[in-house]
Amino acid sequence: MLPTPLVDYTGGQREVSAQGGTVDELLRDLDRQYPGIRFRMINEQDRFRPHIRLFVNAELERTIGASLKADDDILIVAALSGG
Amino acid sequence: MQKAKQPNRTTVLVGTRKGLFILHGDGKRAKWRVDGEMPHFHGQIVNHAVMNPRTGTILVAARAGHLGPTVFRSTDSGKSWKEASSPPAFPKRENGGYGWTVNHVFWLTPGHASEPRVWYAGTSPHGLFRSDDDGVTWSSVDGFNLHPDRLQWLGEEDHAVPDGALLHSVNVDPFDAKHLMIGMSSGGVFESFDRGATWKALNRGCVADFLPDPDAEWGHDPHCMVMHPAVPDVVYQQNHCGIYKLKRAENRWTRIGENMPKEIGDIGFPVTLHPRDPNTLWVFPMDGTSVWPRMSVAGKPAVYCSRDGGASWKRQAKGLPAGQAWFTVKRQAMSADQAEKVGLYFGTTSGEVWCSFDEGGQWHCLMLHLPHIYSVEAYSL
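Going line by line, the protein sequences match chains A and B.
Reminder that position 41 of the first sequence reads as 41 in my numbering, one-by-one numbering, no gaps.
Reminder that position 261 of the second sequence reads as 261 in my numbering, one-by-one numbering, no gaps.
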């Protein structure tokens, strides 16, 4: 599940499927399908951007090297602040 | 002085805190319309929107909310946009060490006429990037970004764009593609004669009243620096500590702002040059006293023009509000078109676009109620 600021990359879809044994592999697969989307979440030092949160089965995951299982649900949130 | 070609149309790109507005004027600049009912990049921060007049490509330095910085490009005058496939990004630091992250792409400059697909980008924190394919992919100018002295040059990191740590004012010598000049707030002016492989500070003569060493080699705060497009030895800067002109023979800056009226002072953000006359320039002074209010002096906005390289200045306020107008103009928010009678345009922090079609003699309000304006660039086409 993707936050609304990212759906410009997915043609309006909020729910998409991607494959990967780790969070990094999953996001790279997502980027292959929707070019540019990974860099909106992960910076050039391979860290999550400050307002991006990724949950694996409702648990917050902060490292992109974390392992994933085949049927994990991934929720990506873009927290809003400022005006 | 060369005469200008009669333009068929005029385009003004207005970057704001909430999107890009494109204004189209006819060749006589008598009729204007805004492109579309909604801004381009609605809701996104647009730090700078720039056209390469040689190719027509428009690049936009944007930041999509909290999704990080990027560059968008259009090759059809803004009808359609594509994001850079590889936006400006610092080299990845291996072995888990601290690596820099681009927070904003802040400044865009087309390359030399002989390299029509080259662009440069300045970022916050201070970084310099280059594209060789018209803005599709970007690479780090490692001669700057990985320079061993870079951290010494820079002031304290502060990413609050457009007020914080910035690399801006990327100038490419029109006679030498290898010669680059950049400004850093703070950090100072630096130049390279080998396309960015090596750099030298160029700050002698500039006051830096916030540094313990008044003759420091770097650490200064140029707000905006412009090399003249026809006479590249003529360079002006609006600095945190005054308005300066470079004496190229001595590689030393002279404070031409000393010739401004004392009650106005010579603090501001932008400096704009006449496209053909190297002795004509315009500035927009702001209140830089006490706590630095950064608003029009006494609430009475005015442009100041010099026709003699800064030896004397004339107030140009006809048509502007006579009082109670508390805006200012950011460093890339004042621009000149290239028409024979040069048109001037500036965008305010309060969202107004003002223009003059007689080189500052009379001002007209072109647009109201825009978001906070970060950049204005004008083109006679």
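The hints are simulated quantities; they were obtained by calculation from the structure and are not laboratory data.
Honestly, I wouldn't trust all of these hints.
Simulated DEER-style distance windows between Cβ atoms [as the list claims (entries may be wrong)]:
| no. | chain 1 | residue 1 | chain 2 | residue 2 | range |
| --- | --- | --- | --- | --- | --- |
| 1 | A | Gly12 | B | Ala230 | 33 to 43 Å |
| 2 | A | Gly11 | B | Gly56 | 37 to 47 Å |
| 3 | A | Gly11 | B | Ser312 | 58 to 68 Å |
| 4 | B | Ala311 | A | Ser81 | 46 to 56 Å |
Below are the EDC-like pairs computed for lysine to aspartate or glutamate, each with C-alpha atoms no more than 20 Å apart in a straight line [to be verified]:
| no. | chain 1 | residue 1 | chain 2 | residue 2 |
| --- | --- | --- | --- | --- |
| 5 | B | Lys5 | B | Glu37 |
| 6 | B | Lys92 | B | Asp142 |
| 7 | B | Lys79 | B | Glu94 |
| 8 | B | Lys92 | B | Glu115 |
| 9 | B | Lys79 | A | Glu25 |
| 10 | B | Lys262 | A | Glu25 |
| 11 | B | Lys79 | A | Asp24 |
| 12 | B | Lys92 | A | Glu44 |
| 13 | B | Lys92 | A | Asp8 |
| 14 | B | Lys18 | A | Glu44 |
C-beta: ideal position from N, C-alpha, C; glycine also.
Structure-based check of all given hints:
1. Gly12/A / Ala230/B: 33 to 43 Å: Between Gly12/A and Ala230/B, where Cβ atoms are some 49 Å apart, the hint is violated.
2. Gly11/A / Gly56/B: 37 to 47 Å: Since Gly11/A and Gly56/B have Cβ atoms about 28 Å apart, the given range 37 to 47 Å is violated.
3. Gly11/A / Ser312/B: 58 to 68 Å: This hint holds: roughly 59 Å between Cβ atoms.
4. Ala311/B / Ser81/A: 46 to 56 Å: holds, 49 Å
5. Lys5/B / Glu37/B: Cα-Cα ~32 Å, so violated.
6. Lys92/B / Asp142/B: It holds: about 12 Å lies between the C-alpha atoms, which stays within 20 Å.
7. Lys79/B / Glu94/B: violated, 41 Å
8. Lys92/B / Glu115/B: Measuring from Cα to Cα gives roughly 28 Å; hence the hint is violated.
9. Lys79/B / Glu25/A: violated, 35 Å
10. Lys262/B / Glu25/A: Roughly 62 Å separates the two Cα atoms, so the pair is violated.
11. Lys79/B / Asp24/A: violated, 35 Å
12. Lys92/B / Glu44/A: Roughly 6 Å between the alpha carbons, so the hint for Lys92/B and Glu44/A holds.
13. Lys92/B / Asp8/A: violated, 27 Å
14. Lys18/B / Glu44/A: violated, 25 Å
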